[in-house]
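Novice: Each chain is listed here by its residues.
There are 2 protein chains.
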Amino acid sequence: MERPETLLTPGPVPVSPKVLAAQGAPLLYHRGPAFGEVMRTVADGIAYMLKTESQVLIHTSSGTGGLESAVANAFSPGDQVLVVSIGNFGERFKKITTAYGLDVQLLEYEWGLDARHEDVAAMLKDLPDCKGVFVTHSETSTGVVNDLEAIAGAVKDHPALFVVDTVSGVGAVPIEMDAWGIDIAITGSQKAIAGPPGVAFVAVSERAWEAHATSTLPRFYFDWTIAREAAERANPESPWTPAISTLMACKVAIDEIRDEGIDRAVARHALLGKATRAGLLAMGMEPFAANPERSNVVTCVRAPEGVDTSKIVSHVRKRFGLVIAGGQGKLKGKVFRVGHLGWVDRFDIIRAIAAVETAFVDLDLPVKVGVGVEATMEVFREADREFGEEVPA
Amino acid sequence: MERPETLLTPGPVPVSPKVLAAQGAPLLYHRGPAFGEVMRTVADGIAYMLKTESQVLIHTSSGTGGLESAVANAFSPGDQVLVVSIGNFGERFKKITTAYGLDVQLLEYEWGLDARHEDVAAMLKDLPDCKGVFVTHSETSTGVVNDLEAIAGAVKDHPALFVVDTVSGVGAVPIEMDAWGIDIAITGSQKAIAGPPGVAFVAVSERAWEAHATSTLPRFYFDWTIAREAAERANPESPWTPAISTLMACKVAIDEIRDEGIDRAVARHALLGKATRAGLLAMGMEPFAANPERSNVVTCVRAPEGVDTSKIVSHVRKRFGLVIAGGQGKLKGKVFRVGHLGWVDRFDIIRAIAAVETAFVDLDLPVKVGVGVEATMEVFREADREFGEEVPA
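Top line first, the protein sequences correspond to chains A and B. Using my numbering, read the first sequence as starting at 1 and increasing by one per residue. Using my numbering, read the second sequence as starting at 1 and increasing by one per residue.
A couple of the hints might just be wrong.
Distance windows between CB atoms, simulated [said to hold, decoys possible]:
| hint | chain 1 | residue 1 | chain 2 | residue 2 | range |
| --- | --- | --- | --- | --- | --- |
| 1 | A | A34 | B | E390 | 37 to 43 angstroms |
| 2 | A | A34 | B | E386 | 38 to 44 angstroms |
| 3 | B | R385 | A | T225 | 52 to 58 angstroms |
| 4 | B | T216 | A | G261 | 47 to 53 angstroms |
| 5 | B | L106 | A | P17 | 48 to 54 angstroms |
| 6 | A | S76 | B | E390 | 57 to 63 angstroms |
| 7 | B | P128 | A | E176 | 54 to 60 angstroms |
Computed from the model, here is a short list of chain A residues facing chain B with C-beta under 8 angstroms [said to hold, decoys possible]:
| hint | residue |
| --- | --- |
| 8 | A21 |
| 9 | G32 |
| 10 | E68 |
| 11 | P242 |
| 12 | V323 |
Derived from the structure by calculation, the hints contain no laboratory data. Given the structure is predicted, the values throughout are model-derived calculations rather than measurements. Think of the CB as a built atom: it goes at the ideal place given N, C-alpha and C, for glycine as much as any other residue.
Same shape as in the complex, but just chain A (with noise of 0.2 angstroms):
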């Protein structure tokens, strides 16, 4: 039996069947009124996820497209920016403030770790012409969740903008955009919003707005301004022809979040994350993660010493179609990581620790036999006596 694959990754991820549908139907004409409805339920829906009154705008791009886009529309050449860095999404900020000619300050951490609230206010204090502080919500790479409101506290007090790439942390974890003083905040399609890659958001706050009509960097199809003036017609558009399907796909995923509102879709991702990182470590795996509590995306675990994890990653996938990921960069063989994101719930998490199980035992890998599975149950248990009919997931 061919099994489709299971993406159980930090992106993409697992989608709907009525998503999936959606975006196998015939296209809508991207002028068209009907299309202008999807724009403005897609828009209005990442919107409220973010919990926003800012301006979302849309773009046909992976979510790197969206970082690229805060850089070159909110800043000039020379300006000095303050990246703080905790894995692989850290250093794609600085690659990218680098390659756009600002002047990059780092606050760098050790992968496994998340960046101190109080490091950057110190670094801020040292840095009073900062034009902006990057920060990643979620790291993939590590399993990682910056505690954003401590650090938006931090950069509260300081003119800089507030630049978050939340691309795999809304809906997943919590983030309040206007609350917590963010200026600009970027998503995309294949995280926690469950559907297809190939579009990127950027909210975009008054103060962003601001500063980008003095940004001087070079761009044209990232360009707010054009964005801006084709999303605010009476038929919302793009300005170049956008990805139909996915945005059409992307609206039945925005009326399932919707349906399930965003904070019980954040409780979801916080149980399913709980009931993993239980499976796991009662099989002997070890946390990756410093403060693996708020790990909701993605669980990233060492193997016992001695264990190539790249075969555990290999071995569930050629023989049940479970996709997880193994390590990246410094982190390659050592670590393997489960998402719990998107389209996700319980059942998949199950799945996912007794794959796991089982390739340990396929390949004679040293495991603790027949206790992740119930050390998973028992976190859903728990969550059904806890919540009854609410447990979210």
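Place chain B on chain A using the hints.
Specialist: Chain B in isolation, oriented as in the chain A frame:
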């Protein structure tokens, strides 16, 4: 009966049910072997269509992102370039090159005209240091198709890179990237390839790679070096999470074009264009293009004096779900455009001609009744007599 929209626009275009089904299929993991095969098939297929040995890079973006990719990767600030503009998309090249700080020399034509290769040669004679010549192959705003081979001859002996926007060209009109000495060719998924929108392709010649090596414009998301490194892995990848489903759909669309054969696909578009012109002209419209016989992509016509063409466009959409396009910019209300691009056959054209006639009658506008469909049918009858079973549409 509510029908899905039928997109006889110059993009997005009708796509086959198989293409839609592929887009609605469960997602493949973008760093796994099955998706590597998708990446390889699509890139190879675009090279086949362009008749080139050059490497084809894949961006998740609109075609406009592909145009920006060409500008940002092969030039440096202040480089002198020649932009040849015959309409809206030439204008777009002008805007992008200007936004990126190039020294832009213009050769602009009145809308409806195509570029004269003699003019290009004369301009280049006076611009010995020119680094790039930007030409639109098929200008969908006017239906005009440039004689690209003749223009290629004018550019050939000049050291400037020859950059061609063939977003709506390749697959519908002849193009031979290598034989004609094109250095950078840009296209998109949603035109003659007959895939859904969301992906752009950029084919890069060796000379363009050399220019890239010294280019200093800022870029990251569209960076060629990064894209090439990922594409050349044993299992080809995109550096960022790509529009997975759109690319899965494109693979099927490419397979369909391979089955049909590229030259036959071009012949099909030529025949459909001829049939569309015959029908619309018989009804009393005037061709907008000075050289309509090359208009394989979209037929742009003027309606009789006093007719507001937006009413025709709006009526056929409302009554029949058929989407044709009005005029852009200064042509608004004066022309309308019927696309015959993508997964389109003779019956789509007959339907379009019948629908347009019906709209004129419904709206009590001046039209020759009872001759449009017949003129279209006669073109197909002639083609049947000429080609027999080999008739391309």
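Novice: Take the hints in turn and mark each one as holding or not.
Specialist: Hint by hint, here is what the structure shows:
Distance hint check for A/A34 and B/E390: the Cβ-Cβ separation is about 39 angstroms, which falls inside the suggested range of 37 to 43 angstroms. As the Cβ distance of A/A34 to B/E386 is approximately 41 angstroms, the hint placing it in 38 to 44 angstroms holds. Checked against the hint of 52 to 58 angstroms, the pair B/R385 and A/T225 passes, with Cβ atoms roughly 55 angstroms apart. At roughly 49 angstroms, the beta carbons of B/T216 and A/G261 sit within the given window of 47 to 53 angstroms.
Look at B/L106 against A/P17: about 52 angstroms separates their beta carbons, and that is inside 48 to 54 angstroms. In this structure the supplied range 57 to 63 angstroms holds for A/S76 paired with B/E390, their Cβ-Cβ distance being about 60 angstroms. Taking 54 to 60 angstroms as the suggested C-beta distance range, the pair B/P128 and A/E176 conforms, at roughly 59 angstroms. Evaluation of the A/A21 hint against chain B yields a held restraint, the C-beta minimum of about 6 angstroms falling below 8 angstroms.
A hinted interface residue such as A/G32 counts as satisfied when its beta carbon comes closer than 8 angstroms to some beta carbon of chain B; here the least separation is about 7 angstroms, so the hint holds. With a cut of 8 angstroms, the hint placing A/E68 at the interface with chain B holds, because the nearest CB-to-CB distance is about 5 angstroms. Evaluation of the A/P242 hint against chain B yields a held restraint, the C-beta minimum of about 7 angstroms falling below 8 angstroms. Below 8 angstroms, beta-carbon pairs count as interface contacts, and A/V323 has one with chain B at about 4 angstroms; its hint therefore holds.
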